[in-house]
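Peer 1: Letter by letter, the chains look like this.
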Amino acid sequence: MHIPDGYLSPQTYVPLLGLFVAVAAVAVKKVKEKVDKKLVPFLGMAAAFSFLIMMFNLPIPGGTTGHAVGAAIIALLFGPWVSFIAVSVALIVQALVFGDGGITAIGANCINMAFIIPFVSWYVFRIIANKNASFKRMSVAAFMAGYLSLNAAAIAAGIEFGIQPLIAVGTDGNPLYAPYPLSIALPAMALEHLLVFGFAEAIVTLIIFRYFFKHNKDFIEVLK
Amino acid sequence: MTFFFMKPILMKPYQKYIIFIGILLVLCPLGLILPHYFKAGDAWGEWSVESVKQQTGHEPVGMKKTAGIFSAPIPDYSLGKENDPLSKRSLNYIISGLIGTGIILIITFGVSKLMPLKKEE
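Residue numbers (our numbering), protein chains in the order written: chain A, 1 to 224; chain B, 1 to 121.
Incorrect hints may appear among the rest.
Label-pair distances were calculated between CB atoms; the ranges are [said to hold, decoys possible]:
no.	chain 1	residue 1	chain 2	residue 2	range
1	B	61	A	131	53 to 59 Å
2	B	82	A	131	46 to 52 Å
3	B	61	A	191	26 to 32 Å
4	B	15	A	10	14 to 20 Å
5	A	213	B	85	32 to 38 Å
6	B	82	A	191	25 to 31 Å
7	B	114	A	96	39 to 45 Å
8	B	64	A	167	43 to 49 Å
9	B	81	A	131	51 to 57 Å
10	B	27	A	32	33 to 39 Å
11	A	10	B	98	44 to 50 Å
12	B	98	A	224	19 to 25 Å
13	A	133	B	87	44 to 50 Å
14	B	75	A	184	24 to 30 Å
Here are the computed lysine-lysine pairs in the PhoX-like style, where the Cα-Cα straight-line distance is at most 25 Å [unchecked claim]:
no.	chain 1	residue 1	chain 2	residue 2
15	A	214	A	131
16	A	217	A	30
17	A	214	B	16
18	B	53	B	65
19	A	29	B	113
20	B	16	A	217
On the chain A side, residues computed to face chain B include the following (Cβ under 7 Å) [stated by the list, open to error]:
no.	residue
21	6
22	59
23	79
24	98
25	169
26	173
27	175
28	176
29	212
30	216
31	220
In short, the hints are calculated from the structure, not lab data.
Beta carbons are placed, not taken as given, at the ideal position from N, Cα and C, and that holds for glycine.
Input sequences plus hints: build the corresponding full structure.
Peer 2: Here's what the structure looks like:
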């Protein structure tokens, strides 16, 4: 889901970079107000966790690869704004140091994976369960939060890929950037995540949620 | 050797998380080995320009121009060569993970120094 340089036209990546900067400004303000200092090491740990979990590429035999992001569980534990900052740090390091995701696409990738995943995860959990819900119901909520949020991000990426042939075409009529239209890009991104990679984020979210629920229940932001 | 920024993470409640991160680091070559074993290729939409040309029979002009705009120091988490044996690539993958984790920890502590957060109660 790390969009490389060259896939998005400037008409797409410039507004998304702008949106990312605006969201980041809000995130810094929110986190300053709410988060206390003892959480700082966890911010680093969360970013490192997200970075590493994204290195676990899962194969579709004979097909493509994909991975979990970890942004869903970070959102449930520390809140969506902390997750946004932690996962953004991981994504920016991936782009600048490892060429995973383009530098022009940093805005798009951070919006998809560091903004959409944490907020979808947070609200999906809140819709399914609250702090008085049974452990079983909370487990379902955590699983669905992971599953649906990764799929939402994949759909966003699919749309960003798919609109390129509509908005950026050369004088010869050929696409200038990502070549596949929405009718191909959207189902391709959605299906592989609905069928395979969404479950990776769901399982990671579920396992870590259950661990914290048993050992550090008071700590979980989404249950406050 | 303990740097100032390591002190808070070496305090007891965080030890478990350090071990957890360590386990992820040791296991991360699975992200290389499994796709290799199951013959899975690039992620969707993350192909090289050449591969796009092969797939569609056409090289997108803007893509060709923008794709090489930036060269990362450690492209694809690979410190060696593409045709190194899987064992060597796995070790390099762990080292890349360690470098990335280290950079991230330094950045987040730097950010926290710049951002005056609420004091611990």
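Peer 1: Output the numbers, in ascending order, of every earlier hint that fails for this structure.
Peer 2: Numbers 4, 5, 7, 8, 11, 12, 23, 25, 26, 29, 30, 31, in rising order.
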